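J.: The whole structure should be built from the sequences, with the hints applied where relevant.
6 protein chains.
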Amino acid sequence: MSEAPSPSLELPPLLVEQAVAAALDEDLGQAGDITTDAIIPPDAIGKAEIVARKEGVVAGLDLAEAAFRILDPDVTFTRVVGDGKKVAAGGVIAKVEGLTRALLTGERTALNFFNRLSGIATLTSSFVAAVKGTKARIACTRKTTPNLRAFEKYAVRAGGGVNHRFGLYDAVLVKDNHIAAAGGIFHALDMLRPRIGHLVKIEVEVETLSQLEEALRHPIDAVLLDNMDVGTMKKAVEMVNGRVVTEASGGVTLETVGEIAKTGVDVISVGALTHAPRSLDSSLEWVRA
Amino acid sequence: MSEAPSPSLELPPLLVEQAVAAALDEDLGQAGDITTDAIIPPDAIGKAEIVARKEGVVAGLDLAEAAFRILDPDVTFTRVVGDGKKVAAGGVIAKVEGLTRALLTGERTALNFFNRLSGIATLTSSFVAAVKGTKARIACTRKTTPNLRAFEKYAVRAGGGVNHRFGLYDAVLVKDNHIAAAGGIFHALDMLRPRIGHLVKIEVEVETLSQLEEALRHPIDAVLLDNMDVGTMKKAVEMVNGRVVTEASGGVTLETVGEIAKTGVDVISVGALTHAPRSLDSSLEWVRA
Amino acid sequence: MSEAPSPSLELPPLLVEQAVAAALDEDLGQAGDITTDAIIPPDAIGKAEIVARKEGVVAGLDLAEAAFRILDPDVTFTRVVGDGKKVAAGGVIAKVEGLTRALLTGERTALNFFNRLSGIATLTSSFVAAVKGTKARIACTRKTTPNLRAFEKYAVRAGGGVNHRFGLYDAVLVKDNHIAAAGGIFHALDMLRPRIGHLVKIEVEVETLSQLEEALRHPIDAVLLDNMDVGTMKKAVEMVNGRVVTEASGGVTLETVGEIAKTGVDVISVGALTHAPRSLDSSLEWVRA
Amino acid sequence: MSEAPSPSLELPPLLVEQAVAAALDEDLGQAGDITTDAIIPPDAIGKAEIVARKEGVVAGLDLAEAAFRILDPDVTFTRVVGDGKKVAAGGVIAKVEGLTRALLTGERTALNFFNRLSGIATLTSSFVAAVKGTKARIACTRKTTPNLRAFEKYAVRAGGGVNHRFGLYDAVLVKDNHIAAAGGIFHALDMLRPRIGHLVKIEVEVETLSQLEEALRHPIDAVLLDNMDVGTMKKAVEMVNGRVVTEASGGVTLETVGEIAKTGVDVISVGALTHAPRSLDSSLEWVRA
Amino acid sequence: MSEAPSPSLELPPLLVEQAVAAALDEDLGQAGDITTDAIIPPDAIGKAEIVARKEGVVAGLDLAEAAFRILDPDVTFTRVVGDGKKVAAGGVIAKVEGLTRALLTGERTALNFFNRLSGIATLTSSFVAAVKGTKARIACTRKTTPNLRAFEKYAVRAGGGVNHRFGLYDAVLVKDNHIAAAGGIFHALDMLRPRIGHLVKIEVEVETLSQLEEALRHPIDAVLLDNMDVGTMKKAVEMVNGRVVTEASGGVTLETVGEIAKTGVDVISVGALTHAPRSLDSSLEWVRA
Amino acid sequence: MSEAPSPSLELPPLLVEQAVAAALDEDLGQAGDITTDAIIPPDAIGKAEIVARKEGVVAGLDLAEAAFRILDPDVTFTRVVGDGKKVAAGGVIAKVEGLTRALLTGERTALNFFNRLSGIATLTSSFVAAVKGTKARIACTRKTTPNLRAFEKYAVRAGGGVNHRFGLYDAVLVKDNHIAAAGGIFHALDMLRPRIGHLVKIEVEVETLSQLEEALRHPIDAVLLDNMDVGTMKKAVEMVNGRVVTEASGGVTLETVGEIAKTGVDVISVGALTHAPRSLDSSLEWVRA
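Chains U, L, H, Y, R and V are the protein sequences, given in the same order.
Each residue of the first sequence is one higher than the one before, starting from 1 at the first, in the working numbering.
Each residue of the second sequence is one higher than the one before, starting from 1001 at the first, in the working numbering.
Each residue of the third sequence is one higher than the one before, starting from 2001 at the first, in the working numbering.
Each residue of the fourth sequence is one higher than the one before, starting from 3001 at the first, in the working numbering.
Each residue of the fifth sequence is one higher than the one before, starting from 4001 at the first, in the working numbering.
Each residue of the sixth sequence is one higher than the one before, starting from 5001 at the first, in the working numbering.
Keep in mind the hints are simulated off the structure, nothing from the lab.
Be careful, since some hints might not be right.
To be verified - Computed cross-link-like contacts, DSBU-like style, restricted to lysine-lysine with a CA-CA straight-line distance of at most 30 Å: (1) R:K4175 with V:K5054; (2) R:K4175 with V:K5047; (3) V:K5095 with R:K4175; (4) Y:K3086 with Y:K3262; (5) L:K1262 with L:K1086; (6) V:K5095 with R:K4047; (7) V:K5054 with Y:K3135; (8) U:K95 with L:K1175; (9) U:K175 with L:K1262; (10) H:K2054 with Y:K3175; (11) Y:K3235 with Y:K3135; (12) R:K4054 with V:K5095; (13) H:K2047 with Y:K3175; (14) H:K2132 with H:K2086; (15) U:K175 with R:K4135; (16) H:K2175 with Y:K3054; (17) L:K1095 with L:K1175; (18) Y:K3047 with H:K2175; (19) L:K1175 with U:K54.
Unchecked claim - Far from chain Y, by Cβ distances over 12 Å, these chain V residues were calculated: (20) E5259; (21) G5264; (22) S5269.
What the hints assert, rightly or not - One-sided and incomplete, this derived list gives chain V residues near chain H with beta-carbon spacing under 10 Å: (23) E5010; (24) L5011; (25) P5012; (26) P5013; (27) A5021; (28) I5045; (29) R5149; (30) F5151; (31) K5153; (32) Y5154; (33) F5166; (34) L5216.
Treat the numbers as computed from the prediction; the structure is a model and nothing was measured.
Note that the Cβ used here is the ideal one computed from N, Cα and C, for glycine as well.
T.: Structural data, given as structure tokens:
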């Protein structure tokens, strides 16, 4: 998140193109923008700005830009506030100039992506602010919008959070059902070891201190302290004593996150970051000549 | 929305398959569910229920079912409360039985779709309830999640609302930028007429009564009354006097919608239905033998 | 359809790219153009013109251009006669200059699209000419070539026609089977009303004047007068008396369309525009240095 | 083309599924069949027949069946007249029974494929009949509908014709531009030989007898006699004297094909088979209980 | 890898379907299996066995089965030797019965997948055998066949190996270029820490003992000992002393792997497993009635 | 294969783009190159060379270039040794300059394609060298890597070989199973003739001289002499006496190919070219400023 706002190179470029092209396709159907095509001359040029109506943290400019660029390859899109940066209410986030048709037709697709992702970044930054002064990091979960996960995980990073595993494939999380099926943590880990490569971490979900005690007897990388009250969690952190990463999870809100962080946990995961964000309130304002 | 809960036939079947398959792909990556595959035997059978933690209106069971069925073609998925129906807190929505691996692996994908769509249906039904006794219908907008629009529009219908246009292609909505570019409503409609087929409706956005007066001089089908205060809107409805459909739009909330409805407008469109719903709080609960 | 021939911005750009890329793929397979690749040097440059052998109306230059551009991004493609314009027999429609390989390899794909679409535009313009002086507009139907509908509907517009609904999704057309299943028009419309948004038009198909009388008792937008003889149709138009749009349909030919138009119907839909056009007879002629 | 009508196994099954699914998607969009979904109960069962209004040769039942089956996996589709067989005017081609919604919604997609392909088969069979008694075989060209080539080539076979090369990839056809670029047939073949595998045939296009003479000096497999008058073609066939395959091409019509065949050519290729067929006139007729 | 051979549930099912369908498409093109379709009756039934000509370890039966099943949904495919098991020379691996056309047409696609994957499993098992008695595990690298990685990584597991990271996305591997660009390991790790989630492991590549010493001063999870001779590697393992995972890498062969394992490293990664396997020599043998 | 190394225009351009984009997607997943993105500044520029560690024949530069270009559209990629040319050990094959991130992230994908294809070209050129002085040409088979066939067939051509049929669709190969099912070669060819176009070659597989004698009685284009010993093959070639193309097949190795060639066969097909090549040993070496 460098000082000068610049295109994020963190999002695999093909993902951006594919998602935005599909969304334009969704909005244009087979007949296209029948209002704009009938009224706006094909060579008319326009100028507009993405303006924040309320303050927030920016995320998703790559997707907004792609929406206009796909419709007009010669569009210029200038970032005023880059991804990961705060914008004040009324602030200009980006300027776009190109075919008027492209601006009118791409507007909603650009904002549908951008406002959602900026909403996630903004909410994440609030949680991050609420744990300031502790060592806790704020993480997202897999409760993301289907088929937008890469972008939502990115928005969490833009908001100052970190990512939990991306899917079922990149880390092991042993839950109660797994433990029950295996006949105990010992057996579950025993089954895992020969099949899991040396670059995959293993986290175990526990709900009680005695489960935690059991889990810590085995070579694992992290424990997920599920739905513990703050008192129990504090004891859990002490019991772990830095041997593995500790993660607090379960119904965390902006009201409760600060106290949870004070227990000394390393990570607090918050499903609401991605399943209940308020979209950023930004819009495309036309700049008349 | 028949009495007996049944699969919705309103969602084009290929859309459901494609979206759910893509979401499973997103969660499984190339390595799959490495935790479950290592621990759960391939032929173990399990049983679980989708249970609502809070009350709400159900939408999206086709997608939840598809998530499990794609992973286990022989799964049985029984609907207890169908799409469009209310479920009470603690109520069982559906029962699913099949390979334990399929249930564990498909759970998050199923719920990510289902909870989001049910959240939209639930919010819609609140708006619908708030205008009960008036003739106003509640409609969604194009502020939907990219690439999920068909499902979110469907969820609005399940919640008792109606759909605004699906995209830029299926109805004309003339906005201020179009009118300015054309040099007035008269010219805009003049450009539209030769290009728009006889089964496409034309709606014009107006912000003032004088704009409305101008719009009504032309053969249009609907007017969008944008961001008018309730008093002005009442006058607008009187001025229209049933000649065209009237639609109220702009920052509508559950607090304001009732009063807006009393102005006599035909339709109230609410962007928040799809861009700011709370996900339904439901989860997959295991049924032990 | 501006005076200066220019790229059509009415076709969603991604649709053009995808369809042309797929068609090139269909023609190139995995081995490519084995004749040209073996004989023509990779850097040879050529020049050719698309020339009409017979007169017609042009449509589909975007697709022709895409066929060459995908094979040679630096190709220049200059339109002499734009979409929607007449070309005389022997007239040059467009000039193309670029890698000789790209011209030879892309030729058939370009012409397969272009000649078919221009054939549709040409046939449409004949129907439009045949109803000149009446208020009737010529519309296409859903009898289009599978997976080319967006382009064929566009070609109808280029030929001076208008589009009927694009699919089953963007307008309601109540046919006899629907009426029978519902137990009458009244019930059918009763079922439709709560589910159809305010920007969707409703058309009812009728075959007799008594069916028409029944239909007109309900709030609908258009009637499709199916297979009526000219005398009956005239009475139907009088009975409607401008209250709803009237559409004539069923076996319309260039011979009969003029008389049908004189009945005063608003729209005449002609399936043959898209299912039985003659391709325009144009070819790629090489310009030797 | 066995006696008992049966599914064609000649069409790669995935091609059929993909093309029909895409065409249904094109017709259903995101909202689906809004008329049928509102009026027809989800569990209503219907019965219908595909009936020919005029006589013709059947082709494309696999695609028609797929249209209904994708919408209702339990549909039964019974072939009365199989692909490649003649149907009389008024004859029943196939019977279909299943969800009424699936029948109504799939009807147009099924017929758009089926009528086009049967039209091609019918036209092909007329050409085949017109050369009866000669050794000439009727072949199609690459002037096919973009992205439907596999099906149209199949329809030509169903009509009794044979296929020319499928694309630029599966046979060499040396045209005048290639010869000019190479500096003569000798050089063109010299460039081809080291790059073309032993299972690829080489055909050379000639317009005059002297070009033919030159071509025959080289080891080639076939000559395309382009736009020769019947007298010249007869001499060409004599000059070839069975050493290579002879193909007549260029503006062949039903009126001229018989005489052309009598010149003794082996193959007559007819672009009109695929670029100018009349669709078969068949429709879906409901069978009331 | 249970005793009774059974379908692997470890491969995400959609990956298998997509890859095999694409490969069939590659082999069938648009004309299909023209030899088989012309000669074999559509309803002929056949029986065949996949037989190993040389001994090996089996992997990829899911893909072989899919090749036949896609062509004939009613095929029966019986596994005699399951994935991960040894088959002796001459041994029957699986039996398949179904439409003769499906067997002939699907044969090559099935074997192209199966023999390649079984070759990888076989080679992996040789490496695993060569390190028996040590604690070293054999891992693959990212040197896989493009677009087949999921299957090749699976084959490595079937052969008794473990997987290194699947891609650039699921673990951090800091190489010399990264360290140089960052200005030292310290800075590289400093940049990584705020951006990497708590479930992602960090491995650092070192070539010398002094680089190793430097790396071990930081909180990392693993070190990749790149191209070290056996003596140096032994010292490296001692220096690490169990604090992080040690991985040997670089030009490992069946001849050298045993000695490398004796240095005490935890993991030995072998690029040759996936970029230079010998395909298993198996074929489809017909069982005559 | 012109003197100056240049982009191959023989590979259909869309195939290259699609395969490389899919492979990048496979390596980047949803999180991208997490190591590089965290450490390397987005605007850093780097320079590197693809260097051969061992000598070989180059093939696949289009794919290597695409890997870098997709990640950085402004990359410059300069070919030093073109496809089809020999590179000595230590030789520079291509130079690439662009965003350091693009170079680091694209490296493995570029090399995974390039080394595999160059390995095939290299092996092919060894076989070609081994038959020098005879008229035999070296051909590949359908034993290719699934979904890479177009590229592998191309690499065979780059190595001086020719291609056998690309798939089941572009030539007829009658095998023993076909002959058995048809009841003899005569019947098999009888069934083929009416269905096979005039530009499709027919090859018949024979294992004995008496089968060959039988085959030669029919109008075919080529015979595949399957697994014959050299003595028998010599007699077969004499028996054929130039009437049809002769192809030797079955377990051909570098050791045996020379003697086989001396029998006078026209083509020798070698499955090992594509199913058992050694990848070229090349790597990306950084050029420090």
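J.: Indicate, hint by hint, whether the structure satisfies it.
T.: Going down the list of hints, with the structure as the test:
no., hint, in the structure
1, R:K4175 with V:K5054, "24 Å, holds"
2, R:K4175 with V:K5047, "17 Å, holds"
3, V:K5095 with R:K4175, "21 Å, holds"
4, Y:K3086 with Y:K3262, "26 Å, holds"
5, L:K1262 with L:K1086, "26 Å, holds"
6, V:K5095 with R:K4047, "54 Å, violated"
7, V:K5054 with Y:K3135, "59 Å, violated"
8, U:K95 with L:K1175, "21 Å, holds"
9, U:K175 with L:K1262, "52 Å, violated"
10, H:K2054 with Y:K3175, "24 Å, holds"
11, Y:K3235 with Y:K3135, "17 Å, holds"
12, R:K4054 with V:K5095, "43 Å, violated"
13, H:K2047 with Y:K3175, "17 Å, holds"
14, H:K2132 with H:K2086, "17 Å, holds"
15, U:K175 with R:K4135, "29 Å, holds"
16, H:K2175 with Y:K3054, "24 Å, holds"
17, L:K1095 with L:K1175, "47 Å, violated"
18, Y:K3047 with H:K2175, "17 Å, holds"
19, L:K1175 with U:K54, "24 Å, holds"
20, E5259, "20 Å, holds"
21, G5264, "14 Å, holds"
22, S5269, "9 Å, violated"
23, E5010, "5 Å, holds"
24, L5011, "7 Å, holds"
25, P5012, "4 Å, holds"
26, P5013, "7 Å, holds"
27, A5021, "13 Å, violated"
28, I5045, "24 Å, violated"
29, R5149, "6 Å, holds"
30, F5151, "9 Å, holds"
31, K5153, "7 Å, holds"
32, Y5154, "9 Å, holds"
33, F5166, "5 Å, holds"
34, L5216, "28 Å, violated"
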